[in-house]
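Going down the list, the protein sequences come from chains A and B. To convert, count from 1 in the first sequence and add 13; that's the working numbering. To convert, count from 1 in the second sequence and add 3; that's the working numbering.
Think of the hints as simulated: they come from the structure by calculation, not from any bench. Glycine is no exception: its CB is placed at the ideal position from the N, C-alpha and C atoms. Hints are supplied without guarantee of correctness; some may be wrong.
To be verified - Reference listing, derived: stretches of chain A covered by chain B, where coverage requires no fewer than 3 residues with Cβ under 8 Å from a Cβ of chain B:
(1) 48-54
(2) 83-92
(3) 106-120
(4) 146-155
(5) 269-283
(6) 314-320
(7) 327-338
Said to hold, decoys possible - The following label-pair restraints were derived from C-beta to C-beta distances:
(8) A:E204 - B:T34: 24 to 30 Å
(9) A:Y127 - B:P314: 42 to 48 Å
(10) B:A250 - A:F129: 43 to 49 Å
(11) A:D276 - B:R323: 43 to 49 Å
As the list claims (entries may be wrong) - Only part of the chain A face toward chain B is listed, based on derived beta-carbon distances under 7 Å:
(12) D79
(13) P323
(14) F324
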Amino acid sequence: MSKKSFRQAINEALRQEMRRDPTVILMGEDVAGGRGGSAGVTDAWGGVLGVTKGLYEEFGATRVLDTPITEASYIGAAAGAAVTGLRPVAELMFVDFVGCCLDQIMNQAAKFRYMFGGKARTPLVIRAMYGAGFNAAAQHSQALYPLFTHIPGLKVVIPSSPYEAKGLLISAIRDDDPVIFLENKVMYDEEEEVPDEAYTIPFGEANLTREGDDVTIVAFGRMVGFANQAADRLEKKGISCTVIDPRTTSPLDRDTILECVADTGRLVIVDESSPRCNMATDIAALVAEEAFDTLRAPIRRVVPPHTPVPFATVLESLYMPSVEKIEAAVTATMNHRVVEKV
Amino acid sequence: MQIARETLLRSYRAMRTIRMFEERLHVEFATGEIPGFVHLYCGEEASAVGVCANLTDNDTIASTHRGHGHCIAKGVGVAGMMAEIYGRSTGVCRGKGGSMHIADLSCGMLGANGIVGGGPPLICGAALSHKTLGDGAVAVAFYGDGASNEGTTLESLNLASVWQLPAVFVVEDNGYGEATAASYACAGTQRARAAAFGMPYIECDGSDYFAVHQAAGEAIAHARGGNGPAMLHVHLTRWYGHFEGDAMTYRAPNEVAEARRDHDCLRLFRERVTQAGLFEGSALDEVDAAVADEIESAVLRAKDDPLPQAPDLMADVYVRY
Ligand SMILES: Cc1ncc(C[n+]2csc(CCOP(=O)(O)OP(=O)(O)O)c2C)c(N)n1
Ligand SMILES: [Mg+2]
Chain A
14 MSKKSFRQAI NEALRQEMRR DPTVILMGED VAGGRGGSAG VTDAWGGVLG
64 VTKGLYEEFG ATRVLDTPIT EASYIGAAAG AAVTGLRPVA ELMFVDFVGC
114 CLDQIMNQAA KFRYMFGGKA RTPLVIRAMY GAGFNAAAQH SQALYPLFTH
164 IPGLKVVIPS SPYEAKGLLI SAIRDDDPVI FLENKVMYDE EEEVPDEAYT
214 IPFGEANLTR EGDDVTIVAF GRMVGFANQA ADRLEKKGIS CTVIDPRTTS
264 PLDRDTILEC VADTGRLVIV DESSPRCNMA TDIAALVAEE AFDTLRAPIR
314 RVVPPHTPVP FATVLESLYM PSVEKIEAAV TATMNHRVVE KV
Chain B
4 MQIARETLLR SYRAMRTIRM FEERLHVEFA TGEIPGFVHL YCGEEASAVG
54 VCANLTDNDT IASTHRGHGH CIAKGVGVAG MMAEIYGRST GVCRGKGGSM
104 HIADLSCGML GANGIVGGGP PLICGAALSH KTLGDGAVAV AFYGDGASNE
154 GTTLESLNLA SVWQLPAVFV VEDNGYGEAT AASYACAGTQ RARAAAFGMP
204 YIECDGSDYF AVHQAAGEAI AHARGGNGPA MLHVHLTRWY GHFEGDAMTY
254 RAPNEVAEAR RDHDCLRLFR ERVTQAGLFE GSALDEVDAA VADEIESAVL
304 RAKDDPLPQA PDLMADVYVR Y
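The following block holds chain A by itself, in its conformation from the complex:
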């Protein structure tokens, strides 16, 4: 056990799985970097933010493949390789680039097993960065997990910390279905204690990062940290919160959410993705359908507005959910008074 960054935790998961299983391969743009360059250096980048650094050195060109800038063909190639014996981990860099290769994910990889009558296994992992807060503007800041969650056949993982990232990525690589693994780009330098050995975290089992009596907060990825900070502040005001990190949006741990809502009677959902048809609306529908009678206040969603992600810092901060906005939403749900109909 030692302190590791989100970046190191992901790198270690990849390295350990590649050592364990020779069919695990990596591919993506500059996952090594430097191929053909005048310096004659390979592994010049190890990914655009250095997440795969050193893997080329250990595993070489047959296991770590730099691709041309051609997402449709290499993401599709990863799907094709997955269904024929390899376990590819393909890096899409920014999840926004899914626009260039969605067909291969949505119409191909996701549907093989069902369309082929259960005969296919597609052990594919697609890693990509998501999220705003980097001034990267409208085409490099989206949180597109609802898009993937919407598609039957895909599993969708959003780690909220270095520990979570390592265990969930190892599970993703060992999983026999296509998995979209989304890394918040603002979190790569966050550190915590992470075991040195390989371990797995099962999909579809939420993690309660704290338990309280008054309000249930469900949050995803980077928002889990925000929710915990808000809960700390609220604690001082005498409001105690349960914080749920579902870890995976597909499969979704419905039972844990419903149980916690039954206990607290109040629900706030924090979701960094665009507000229409996102995880917050999905969970709100679940609770409205299955736990209506346990609610003591309307469900509240802390989500961005229905706009593209703006560039300027002032606008981007207004856009993003924040600790303050979560605190305000929890306070509002606590202040709600049921008015009896006459």
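We have chain A already, so just place chain B with the ligands on it with the hints.
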């Protein structure tokens, strides 16, 4: 072909403006004041300017993530660009887009682009508009060697040819897509790709403004004349990292130094026009001084300009909603 004196002077000024704009950004970025990603066009100035010297405001261009040079060459105002990069409400895109999304439709600049390979399909559409509306204009897609491998680019070459569009595909080949060399990533040749899609191909040295101007002139005349698309392959060297902050460990240390020494488009241009007796060095020095002032005031203004306000967040998602 004889190039008019005022065209030459305007082109020199545009190249100098790009150079100083980018070098200033390099310095300002290091102070941490500029948000987001910045990709500099330094070293490649003669490509954007040599091509755009053959275009008018009615013609359309699409650019890339490395877009500042194309914007300046097409006539986007430097003050508005700088303010945009600083995220100010006075920016050409009101602080909503930043460096990677500078656009000004009023001068035929369809936008820089955060998506590699995003421009060529749009240029097919712009060329279709020009053809359908019969306005005699052409549409030009600038894209990199890296972008030349995107499906969108290759499909656009085909579509432009099938529809016989007045489109020009300008491959700005600086030898790298991020940290990966074109020699690794591009199979075959650009020449063969043009031939495969049935369009003429012309290549040139991108550090030579006159060569670019000539080659682009031919490609654009072909497209403007209703003969369908053409491809222009410009050989270039980028002087800075892929983006600001890239240590460039994949490049030999002398690569950029040699390009700066032997292939500086601005120095080559000055030598050529002064030796030919077209301009006095002092006249060009005056341009340099004027550009330096323009950049200085653009930066000072950008730092001082107002920030966007809360209502701007919700504005302009739709025309009407
Ligand atoms: C669809 C897509 N894939 C990947 C990227 C990341 N990216 C940004 S610029 C770039 C390299 C582009 O190389 P090239 O087209 O040669 O242009 P240059 O940077 O050399 O000007 C890459 C891979 C992106 N922005 N969009
Ligand atoms: Mg390039």
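Going through the hints against the structure:
Figure legend: the region 48-54 of chain A, annotated as covered by chain B; annotation consistent (7 residues with Cβ-Cβ distances under 8 Å, at least 3 required). With a cut-off of 8 Å between beta carbons, the region 83-92 of chain A has 4 residues touching chain B; three or more are needed, and the interface restraint holds. Chain B is given as covering the region 106-120 of chain A, and this holds because 4 residues of the stretch bring a CB closer than 8 Å to a CB of that chain, at least three being needed. Against chain B, the region 146-155 of chain A contributes 7 residues with a C-beta closer than 8 Å to a partner C-beta. That satisfies the three-residue criterion, and the hint holds.
Counting residues of the region 269-283 of chain A whose beta-carbon sits less than 8 Å from any beta-carbon of chain B gives 0, not enough to reach three: the coverage restraint is violated. Proximity of the region 314-320 of chain A to chain B, defined as three or more residues with a beta carbon under 8 Å from a beta carbon of that chain, is established by the 3 residues found. With 4 residues having a Cβ less than 8 Å from any Cβ of chain B, the region 327-338 of chain A passes the three-residue criterion, so the hint holds. Checked against the given bound of 24 to 30 Å, the beta carbons of E204 of chain A and T34 of chain B, roughly 27 Å apart, stay inside it.
Checking the proposed 42 to 48 Å range against Y127 of chain A and P314 of chain B shows it holds: the Cβ atoms sit about 47 Å from each other. Between A250 of chain B and F129 of chain A the beta carbons are some 47 Å apart, a value that agrees with the proposed interval 43 to 49 Å. Range check, D276 of chain A to R323 of chain B: about 45 Å between beta-carbon atoms, so the 43 to 49 Å window is met. A least Cβ separation of about 6 Å between D79 of chain A and chain B falls short of the 7 Å threshold, and the interface hint therefore holds.
Hint on P323 of chain A holds. Least Cβ distance to chain B is approximately 5 Å, under the 7 Å limit. Here the hint on F324 of chain A is kept, as its CB sits about 4 Å from the closest CB of chain B, short of 7 Å.
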